[in-house]
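**Student:** As you go down the protein sequences, you meet chains A and B in turn. So the first sequence is numbered by the working numbering: it starts at 1 and just counts up by one. So the second sequence is numbered by the working numbering: it starts at 1 and just counts up by one.
These are computed hints drawn from the structure, not numbers from a lab. Possibly wrong hints are sitting among the right ones.
Said to hold, decoys possible - 20 Å max Cα-Cα, derived SDA-like pairs, lysine to any residue:
| id | chain 1 | residue 1 | chain 2 | residue 2 |
| --- | --- | --- | --- | --- |
| 1 | B | K40 | A | R41 |
| 2 | B | K103 | A | S51 |
| 3 | B | K36 | B | H10 |
| 4 | B | K36 | A | S108 |
| 5 | B | K40 | A | S108 |
| 6 | B | K40 | A | I110 |
| 7 | B | K103 | A | R105 |
| 8 | A | K26 | A | S73 |
| 9 | B | K38 | A | G40 |
| 10 | B | K103 | A | N38 |
| 11 | B | K103 | A | L61 |
| 12 | A | K56 | A | S73 |
| 13 | B | K40 | A | S51 |
| 14 | B | K103 | A | R62 |
| 15 | B | K36 | A | A85 |
| 16 | B | K41 | A | L61 |
| 17 | B | K41 | A | K56 |
| 18 | B | K38 | A | K56 |
| 19 | B | K41 | A | S51 |
| 20 | B | K38 | A | R62 |
| 21 | B | K40 | A | T77 |
| 22 | B | K40 | A | K56 |
| 23 | A | K56 | B | K22 |
| 24 | A | K56 | A | R36 |
| 25 | B | K22 | A | K26 |
Claimed, not checked - Covered stretches of chain A (chain B as the covering partner; in silico rule of three or more C-beta atoms under 8 Å from a C-beta of chain B):
| id | stretch |
| --- | --- |
| 26 | 33 to 41 |
| 27 | 44 to 53 |
| 28 | 59 to 71 |
All values reported here derive from a predicted model rather than from experimental measurement. Note that CB positions come from ideal geometry on N, CA and C, so glycine has one too.
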Amino acid sequence: SQQGEEDPQALSIQEGENATMNCSYKTSINNLQWYRQNSGRGLVHLILIRSNEREKHSGRLRVTLDTSKKSSSLLITASRAADTASYFCATVLTSGGSYIPTFGRGTSLIVHP
Amino acid sequence: DTEVTQTPKHLVMGMTNKKSLKCEQHMGHRAMYWYKQKAKKPPELMFVYSYEKLSINESVPSRFSPECPNSSLLNLHLHALQPEDSALYLCASSQSPQQGYEKLFFGSGTQLSVL
């Protein structure tokens with residue numbers, strides 16, 4: 001079952017601009033993670049934010065988490081053409097004592113040089 | 001070594017064939033996952049192995065048969081697949097299946113086409 005819903009589904013910007021992607025989820029979470037996927041390749045972990053954190057930075061990435069609204073945002077500053085990829089948020093559901101990472105539908109980002 | 005290695009990278013098979021996808025990691029991770037991803041869709045979980053035991057099967061058809069021979073290897077055996085099974089199959093691992101804070105390490109996937 002799908003937990004997260006990213007918004008927008010597609011985003012097209014010019015190099016140097018900032019890109020903001022949002023993720024909403026339905027159930028309580030331990031943490032929320034963001035992943036990046038280049039076309040036809042595996043996913044790469046970008047950043048993890050725990051449920052007791054509100055903001056986290058990593059290089060040009062800034063992630064916020066609002067557990068009251070069940071939403072998170074990923075901001076990529078000063079975007080580059082190489083940032084072109086799909087971005088997914090992932091939350092962890094529990095099932096039978098196991099933790100199940102579940103991905104949202106993703107945002108497809110195109111950065112034009 | 002922080003890699004998850006998947007082979008083959010591409011696979012074309014007929015509906016009567018039997019083939020296997022392989023996944024290997026040497027990070028000492030004790031949880032391994034198979035995901036299926038259709039074009040422009042998110043990865044969908046198929047199976048989870050925790051400490052070499054199958055812990056989650058997300059109602060996957062029996063034509064997909066997972067196997068975990070040891071803590072470093074994960075196989076997905078394919079038999080009598082349908083054209084709609086064509087997709088990117090992703091293997092992932094995480095350090096512990098019971099923490100809930102672990103990030104996933106993904107392989108680059110096997111692009112499967114069923115004719």
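**Student:** Going straight from one Cα to the other, do K103 of chain B and R62 of chain A come out at no more than 20 Å?
**Tutor:** holds, 18 Å
**Student:** Do the alpha carbons of K36 of chain B and H10 of chain B lie within 20 Å of each other, as the hint requires?
**Tutor:** It holds: about 14 Å lies between the C-alpha atoms, which stays within 20 Å.
**Student:** Count the residues of the stretch 59 to 71 of chain A whose CB lies closer than 8 Å to any CB of chain B, then report whether that count reaches three.
**Tutor:** Violated: only 0 residues of the stretch 59 to 71 of chain A have a Cβ under 8 Å from chain B.
**Student:** Taken at face value, is the distance from the CA of R62 of chain A to the CA of K38 of chain B at most 20 Å?
**Tutor:** This hinted pair is violated, its Cα atoms lying about 29 Å apart.
**Student:** Within 20 Å, alpha carbon to alpha carbon, are K56 of chain A and S73 of chain A?
**Tutor:** Measuring from Cα to Cα gives roughly 11 Å; hence the hint holds.
**Student:** Holds or violated: K41 of chain B and L61 of chain A, Cα atoms, limit 20 Å.
**Tutor:** Answer violated: K41 of chain B to L61 of chain A is near 23 Å, above 20 Å.
**Student:** Can you confirm whether chain B covers the stretch 33 to 41 of chain A, using C-beta to C-beta distances below 8 Å and requiring at least three such residues?
**Tutor:** That given contact holds, which follows from 4 residues of the stretch 33 to 41 of chain A lying within Cβ reach (below 8 Å) of chain B.
**Student:** Counting residues of the stretch 44 to 53 of chain A that have a beta-carbon nearer than 8 Å to any beta-carbon of chain B, does the count reach 3?
**Tutor:** It holds: at least three residues are needed, and the stretch 44 to 53 of chain A offers 4 whose Cβ sits within less than 8 Å of chain B.
**Student:** Is the hinted pair K26 of chain A and S73 of chain A satisfied, with a Cα-Cα distance of at most 20 Å?
**Tutor:** holds, 15 Å
**Student:** Checking one constraint from the list: CA of K40 of chain B to CA of R41 of chain A, max 20 Å. Satisfied?
**Tutor:** holds, 12 Å
**Student:** Is K40 of chain B within 20 Å of K56 of chain A, Cα to Cα?
**Tutor:** violated, 28 Å
**Student:** Assess, step by step, whether the Cα of K36 of chain B is no farther than 20 Å from the Cα of S108 of chain A, and give holds or violated.
**Tutor:** holds, 18 Å
Of the hints listed earlier, those the structure fails to meet are numbers 13, 16, 17, 18, 19, 20, 21, 22, 23, 25, 28, in rising order.
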